[in-house]
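*Asks:* These are the residues of each chain, in order.
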Amino acid sequence: MSHDWPLWEVFVRTKGGLAHRHFGSVHAPDAELALRHARDTYTRRMEGVSLWVVPSAEIVASDPDQAGELFEPAESKIYRHPTFYDIPDEVKHI
Amino acid sequence: MASLPPIDVPTGATGKGSFDAPATGEPDAVRFDYLLRLGDDSLILGQRLGEWCGHGPVLEVDISLANLALDLVGQATLLLDEAGANDELGGDKLAFHRDVLDFRNCLLVEQPNGDFARTMARHLLYTTWQHMLFQRLTQSNDRFLVEFASKAVKEVAYHRELSSEWVVRLGDGTEESARRMAEGIDWNWRFMPELFEVDDALQSLIDRGVAPDARGFEGEYRSAIASVLAEAKLAQPADQRPILGGRRGHHSEHLGHLLAVMQFLPRTYPDATW
Numbered sequence: 001m002s003h004d005w006p007l008w009e010v011f012v013r014t015k016g017g018l019a020h021r022h023f024g025s026v027h028a029p030d031a032e033l034a035l036r037h038a039r040d041t042y043t044r045r046m047e048g049v050s051l052w053v054v055p056s057a058e059i060v061a062s063d064p065d066q067a068g069e070l071f072e073p074a075e076s077k078i079y080r081h082p083t084f085y086d087i088p089d090e091v092k093h094i
Numbered sequence: 001m002a003s004l005p006p007i008d009v010p011t012g013a014t015g016k017g018s019f020d021a022p023a024t025g026e027p028d029a030v031r032f033d034y035l036l037r038l039g040d041d042s043l044i045l046g047q048r049l050g051e052w053c054g055h056g057p058v059l060e061v062d063i064s065l066a067n068l069a070l071d072l073v074g075q076a077t078l079l080l081d082e083a084g085a086n087d088e089l090g091g092d093k094l095a096f097h098r099d100v101l102d103f104r105n106c107l108l109v110e111q112p113n114g115d116f117a118r119t120m121a122r123h124l125l126y127t128t129w130q131h132m133l134f135q136r137l138t139q140s141n142d143r144f145l146v147e148f149a150s151k152a153v154k155e156v157a158y159h160r161e162l163s164s165e166w167v168v169r170l171g172d173g174t175e176e177s178a179r180r181m182a183e184g185i186d187w188n189w190r191f192m193p194e195l196f197e198v199d200d201a202l203q204s205l206i207d208r209g210v211a212p213d214a215r216g217f218e219g220e221y222r223s224a225i226a227s228v229l230a231e232a233k234l235a236q237p238a239d240q241r242p243i244l245g246g247r248r249g250h251h252s253e254h255l256g257h258l259l260a261v262m263q264f265l266p267r268t269y270p271d272a273t274w
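First to last, the sequence lines map onto chains A and B.
The opening position of the first sequence corresponds to residue 1 in this note's numbering, with each subsequent residue numbered one higher.
The opening position of the second sequence corresponds to residue 1 in this note's numbering, with each subsequent residue numbered one higher.
In isolation and in its complexed conformation, chain B is listed as follows:
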């Protein structure tokens, strides 16, 4: 039997998970960082929503919040597994064995739940952005991100619709629900500008056609939020001094407490399996 010609493996190609990575021999640190940003956003927001489990205002809402949380943890699993594809432990190591300064999520998703209205305000502000981002991510020239976004964009569309409906109902509800909803929007508003921040690392991915430029849909985002708030009969908060830094690891004090709960088990019992 004639033997097949040898296959030339480009120097630096790992053979898994990095189809589009430049085969320069250097790991694609910028893409890795971007996967962490997206993955950590989903992971931390998923963990936050998971904190509602058993504490929802009614049984149906409790189940609904747990479903949203599971969607997000599923997204985080895909993204962090891709980021950790060259490591034996993959995404688990990234999720459970990094400390707070190494997390790259935006500040919005780590904010405490507060009451149900504040949780829905945070979810509306984040998932409206995430939905617009993932729609554009399906046009990325990174094959993994296209496949990921094509699946996740449907989940996120549901999150956006559901949180919009709750914001409208609470805002246009009783005197108390309107007050709580306004406070929830107000609390989270200062963390919204960070979603549109572009640093050098992100700019290089935008230039490479890997990441969408969120600044391109900031106007669309603001008018989408304004129309939900108008339907909810809520005033749009004045822009406050934006709080930035999550993408560089400068987090609020809340993230450490979240990680302490989330990471406790695998760190205390490293051999635990399930």
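So that you can see chain A by itself, here it is in the shape it has in the complex:
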């Protein structure tokens, strides 16, 4: 039965002000039940205040074979990290 159902990616906002984060995936026959399944599977211990579900087939992913050309050039460019600044204590969620 479940192999007939499409896969949905689940994103949860853990509290107000934070971004939705990828939590996992569920099978469901349609969008409404995907939300229900996501609610029952991923927020039953008060993990979230908001849910997104997205059909997994709609996710456009980068090609793992291109990982070298896509990501390795950034490795030698540490000056792109803002590590040379002191972050004030008052700034949260960085």
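To be clear, the hints were calculated from the coordinates, so they are not data collected in a lab.
The model shown is predicted, which means the values in this text are computed figures rather than measured ones.
Beta carbons are placed, not taken as given, at the ideal position from N, Cα and C, and that holds for glycine.
Mixed in with the good hints there might be a few duds.
Stated by the list, open to error - Computed list of lysine-lysine pairs in DSS-like fashion (alpha-carbon distance at most 27 angstroms, straight line):
1. K93/B <-> K151/B
2. K151/B <-> K15/A
3. K15/A <-> K154/B
4. K15/A <-> K92/A
5. K77/A <-> K92/A
Stated by the list, open to error - Using C-beta positions, here's what the derived DEER-type ranges look like:
6. S150/B <-> K77/A: 50 to 60 angstroms
7. R44/A <-> D186/B: 26 to 36 angstroms
8. G74/B <-> K77/A: 52 to 62 angstroms
9. P55/A <-> G114/B: 27 to 37 angstroms
10. T138/B <-> G16/A: 22 to 32 angstroms
11. R45/A <-> S150/B: 20 to 30 angstroms
12. P55/A <-> G219/B: 33 to 43 angstroms
13. R45/A <-> D207/B: 39 to 49 angstroms
14. L7/A <-> E176/B: 15 to 25 angstroms
15. I78/A <-> A157/B: 48 to 58 angstroms
16. P237/B <-> K92/A: 51 to 61 angstroms
On the provided structure of chain A, position chain B as indicated by the hints.
*Replies:* Same frame as chain A, but now just chain B:
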């Protein structure tokens, strides 16, 4: 230090759990019975749904059914603990040390799960009623019931929506799912009129403003169910001879088997703790 004046404790007041009970020295047997009716409904339906654990049609539905079951067992804990507030063992004693004739749940909730469609039919018929009841219970003049219903009504609203969605999807699904859904509704239909039965005990609580009168929302209930069935492209079953008696302890043969499983451990190992 000046001593405070002595506090006059009304005769019969227990000091716990019975804020609104009349302080006549007599226990409020009718309210106790009402707590059992509500508590046993939730307990037995929770146990029934728990039987699906590990047997759900798919993993997501298995988790979903277990969540529903836990909501119901949580409600039962609150209600039976309140009913058993004057007993050391509280709700546990009521849940695990009563025999079948002492249970006050309606017949609908003890019906066997059957297939997933029949389970969803039972859940739709029961939780639609429960949702309408709990909405009104928040206006009760019994403080405990107001606090209880204010919390539980949100859980029950979810149960009602979820079971409605499944009834629509299965009814308006494949040929097989439509057939199973129709059979599920048909099987449970004869137990629905009991939800609107009012006996003398319940009438006295309605008169006292403690319990809502379900007859007041029977029309709303029937049209809510009719609209779900219409959306599911299912015919509404003809009314059958209603089967009553659960509130008086006259249960179907299924409840004893359910209790045998549910009560086995605490009865066989009375000292067991966890």
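*Asks:* Hint by hint, say whether it matches the structure.
*Replies:* Going down the list of hints, with the structure as the test:
The straight-line distance between the Cα atoms of K93/B and K151/B is roughly 24 angstroms, inside the 27 angstroms bound, and the hint therefore holds. Between K151/B and K15/A, the direct Cα distance comes to roughly 21 angstroms. Compliance with the 27 angstroms bound is thereby established for this hinted pair. Restraint check for K15/A and K154/B: satisfied, since their Cα atoms lie roughly 20 angstroms apart, inside the 27 angstroms limit. A C-alpha spacing of about 13 angstroms is found between K15/A and K92/A, which places the hinted pair at or below 27 angstroms, so the restraint holds.
With a C-alpha separation of about 26 angstroms, the suggested pair K77/A and K92/A falls inside the 27 angstroms cut-off, and the hint holds. The hinted window of 50 to 60 angstroms between S150/B and K77/A holds, with their beta carbons roughly 57 angstroms apart. Taking the beta carbon of each, R44/A and D186/B are about 33 angstroms apart, inside 26 to 36 angstroms as hinted. Checked against the hint of 52 to 62 angstroms, the C-beta distance between G74/B and K77/A comes to roughly 54 angstroms, which is consistent with it.
Checked against the hint of 27 to 37 angstroms, the C-beta distance between P55/A and G114/B comes to roughly 32 angstroms, which is consistent with it. A beta carbon spacing of about 27 angstroms between T138/B and G16/A agrees with the range 22 to 32 angstroms that was offered as a hint. Range check, R45/A to S150/B: about 22 angstroms between beta-carbon atoms, so the 20 to 30 angstroms window is met. Distance hint check for P55/A and G219/B: the Cβ-Cβ separation is about 41 angstroms, which falls inside the suggested range of 33 to 43 angstroms.
Range check, R45/A to D207/B: Cβ separation about 43 angstroms, and the 39 to 49 angstroms hint holds. Checked against the given bound of 15 to 25 angstroms, the beta carbons of L7/A and E176/B, roughly 24 angstroms apart, stay inside it. Separated by about 53 angstroms at the C-beta atoms, I78/A and A157/B satisfy the suggested range of 48 to 58 angstroms. The given range of 51 to 61 angstroms is respected by P237/B and K92/A, whose C-beta atoms sit roughly 58 angstroms from each other.
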